[in-house]
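J.: Each chain is listed here by its residues.
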Amino acid sequence: MYNFKYNESLCAFPWIHNYSGPQYDRQLCCTAKPDMPELTGTTEEEYMNSPTMKQIRLDMLEGKKIDACSNCYYREEVGLVSMRENSWNFINARHHYADVSVGKDSLFENGDVSAIYNDLPDGIRTARVKEWQEQEFDRLVENTDEHGHITNKPTYYDIRTIHCNLQCVSCGDTFSSEHINLSKKMGHYTEGFKPNYKYEDNVADEMIQGLKDKRINNLYWAGGEPFMSPLHWRVMEEMLELRKRDEYKEYIDLIKVHYNTNLTKSKWKNKSIPEMLSKYKRLYIEASLDGVYETLEYTRDGAKWKEIEKNWQEYYNSGCDMRITTVLTAPVIFDIDRYLNYWDQYPGLQISIHQYHPYSGPSLSTIFYPDDIIIPAIEYAIKRIERSKTTIASDANGKTIKVLKEYIKQKKENSKWDKMENLIITKDSHEKRDDFHKTTRLSNILKIINKEAYEWYESIPSLRIDTNEI
Amino acid sequence: MTFVVDDNCVNCKHTDCVSVCPVDCFYEGPNMLVINPDECIDCALCLPECPVDAIKADDDADPYWIEMNAKLSYHEGWEMIDEQKPPMEGHEEANKIEDKKHLLEIDFVQL
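So the sequences go chain by chain: A and B.
If you count by this note's numbering, then the first sequence holds residues 1 to 470, one letter each, in order.
If you count by this note's numbering, then the second sequence holds residues 1001 to 1111, one letter each, in order.
Hint data in this document are derived by calculation from the structure and do not stem from the laboratory.
Any given hint could be a false lead.
[Said to hold, decoys possible] Restricting the straight-line Cα-Cα distance to at most 20 Å, the calculated cross-link-like pairs of lysine to any residue (SDA-like) are:
hint	chain 1	residue 1	chain 2	residue 2
1	A	Lys-198	B	Asp-1024
2	A	Lys-306	A	Ser-272
3	A	Lys-185	B	Pro-1051
4	A	Lys-33	A	Asn-3
5	A	Lys-269	B	Pro-1051
6	A	Lys-405	A	Glu-431
7	B	Lys-1056	A	Ser-183
8	B	Lys-1056	A	Ser-272
9	B	Lys-1056	A	Asp-435
10	A	Lys-265	B	Pro-1051
11	A	Lys-194	B	Asn-1031
[Claimed, not checked] Quick list of simulated restraints, FRET-style, between CB atoms:
hint	chain 1	residue 1	chain 2	residue 2	range
12	B	Pro-1030	A	Tyr-316	27 to 35 Å
13	B	Asp-1060	A	Asp-35	38 to 46 Å
14	A	Glu-134	B	Asp-1016	36 to 44 Å
15	B	Asp-1024	A	His-188	23 to 31 Å
16	A	His-188	B	Asp-1062	47 to 55 Å
17	A	Arg-234	B	Tyr-1064	23 to 31 Å
18	B	Asp-1059	A	Lys-389	52 to 60 Å
19	A	Thr-325	B	Asp-1024	51 to 59 Å
20	B	Glu-1067	A	Glu-309	24 to 32 Å
Glycine included, C-beta positions come from ideal geometry on N, C-alpha and C.
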């Protein structure tokens, strides 16, 4: 083994993680900057031992900062849990899950240990990450040569495919086949991405080999909509086939499978999806539901709340480990009572609330709304979240609330984010998009959920005249 | 929701659509293709592929073609197609005809 020195800025993912994006793009992980266009469509071996990846491993081993990882560095600087820290969770499922549970061994069998990890106080979590790094470092680099070439294969796969039936307002044509169609309708281009099923078959073959080698310990399926992906079903069906064999049963049952779904699908080729998924032992499903009722139909354009509600019941009653994830966008903030009143029907249900970047996207962003409307709404939302019966207690959600409080503080001190031209540009862009909505328009939901915001929204044309005159 | 092939496909059969369908839900008749609504997963990948805009979301489609797609995908002789092939001869001329309902051939000619 080459004599590499341990350093604290290492991430485990360049050694163990295989991310393949909806357009076969490669990234170090889902939060890394997508700056590897030359590796799009590569095989696992081509990707893992590409010059880019070899150099990244060598740079990391020398303690250099990696450009693509700036998001993790930023999160660590502001005190949030980073994917880099999390990466050490995924090296050895059995060892670390037992370790992380800090004496709560029963959770190894039944719980999502990464949630416990996130709940550790900052100081302890940092110490724990350091401890894992030191323990695992030698094992991580034992098959790495002085050029950064590795002979070990990935243990954690994050696979996303393009197939999707929604045109979510927060999404775009790099993640959804419906968005490709929308972009064409909106005149952005005439030809979009085309799937390559030979490539997808090869990805499935690589993953099936990983299962046969008893190497894979984590699978993350997202999209697109993973329940619409033939590649996904091929791999999952192979898992069950292998499980029938005595030598694979224990291994297959240890694999952690994590989904992120839009919950619009309950059947695949006329078979019940919840029934199929109930056969896997360590599987949990996060339903990305940004809102309820009309709010969901707006943010998740193309979804129908009644169908989602029916599917939710079907999945929940089948015994699948179901969780909810939402991005706290402005429409969800305005509609927080209906949102949490709905999910409070399920005491203890785990909801992950993620902060929405204030500068991102039209209409969903808090900067789209004037201070006198959005600040009271956020202040109310924070209080409402804090008294929810659902489990919104994880550290990550606590941080979301912290960020919102900081946002309000800054807004009160300095309202530079509410420049009028910004609002007008945003509204123009939003209205163009709204013309293509399949279900609910923003003005419709604002009318229902927030009178002030609706009246303000309707008044913008006059604001535009005033600005021009100025 | 599902997607539907309408009469823009009659006497054309460009078949670009079949190469992107993840679930092989296109069925081929004598002079058009249809989508099996029980198999379509609404992914919309086929929509931008059709050079003659013969594929519509069922919300935008003529009810006649919604019904015909459902029926013809189970009609005797209509087989699943998953490989692209050249369009029918005379497709350029056929594309100029506006309403092609009456030109649809349902049964294969027995030789």
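J.: The structure should be examined with respect to each hint, and the outcome stated for every one.
T.: Here is how each hint holds up against the structure:
At most 20 Å may separate the alpha-carbon atoms for a hinted pair to count; Lys-198(A) and Asp-1024(B) meet this at roughly 14 Å. A distance of roughly 18 Å separates the Cα atoms of Lys-306(A) and Ser-272(A); the hinted pair therefore holds under the 20 Å criterion. At most 20 Å may separate the alpha-carbon atoms for a hinted pair to count; Lys-185(A) and Pro-1051(B) meet this at roughly 14 Å. Only pairs whose Cα atoms come within 20 Å are accepted, and Lys-33(A) paired with Asn-3(A) is rejected, the gap being roughly 30 Å.
Straight-line distance between C-alpha atoms of Lys-269(A) and Pro-1051(B) comes to about 28 Å, which puts the hinted pair past the 20 Å bound. At roughly 30 Å between alpha-carbon atoms, Lys-405(A) and Glu-431(A) are farther apart than 20 Å, so this suggested pair is violated. For the proposed pair Lys-1056(B) and Ser-183(A), the alpha carbon gap of about 16 Å is at most 20 Å, so the pair holds. Annotation: proposed proximity of Lys-1056(B) to Ser-272(A) is violated, straight-line Cα distance about 27 Å (limit 20 Å).
Our distance criterion of 20 Å between C-alpha atoms is met by Lys-1056(B) and Asp-435(A), whose separation comes to about 18 Å. Between Lys-265(A) and Pro-1051(B), the direct Cα distance comes to roughly 29 Å. Violation of the 20 Å bound is thereby established for this hinted pair. Among the hinted pairs, Lys-194(A) with Asn-1031(B) is inconsistent with the structure: their alpha-carbon atoms are about 25 Å apart, more than 20 Å. Checked against the hint of 27 to 35 Å, the C-beta distance between Pro-1030(B) and Tyr-316(A) comes to roughly 47 Å, which is inconsistent with it.
Between Asp-1060(B) and Asp-35(A) the C-beta distance comes to about 39 Å, which sits within the given range of 38 to 46 Å. At roughly 56 Å, the beta-carbon separation of Glu-134(A) and Asp-1016(B) lies outside the given 36 to 44 Å, and the hint is violated. At roughly 29 Å, the beta carbons of Asp-1024(B) and His-188(A) sit within the given window of 23 to 31 Å. Remark: the range hint 47 to 55 Å for His-188(A) to Asp-1062(B) is contradicted by a beta-carbon distance near 27 Å.
For the pair Arg-234(A) and Tyr-1064(B), the supplied restraint of 23 to 31 Å is violated, since their beta-carbon distance comes to about 37 Å. Between Asp-1059(B) and Lys-389(A) the Cβ separation comes to about 38 Å, which falls outside the hinted range of 52 to 60 Å. About 32 Å separates the C-beta atoms of Thr-325(A) and Asp-1024(B), a value inconsistent with the hinted range of 51 to 59 Å. Our hint of 24 to 32 Å for Glu-1067(B) and Glu-309(A) holds, since their Cβ atoms are close to 29 Å apart.
The structure fails hints 4, 5, 6, 8, 10, 11, 12, 14, 16, 17, 18 and 19 (numbered hints given earlier, in ascending order).
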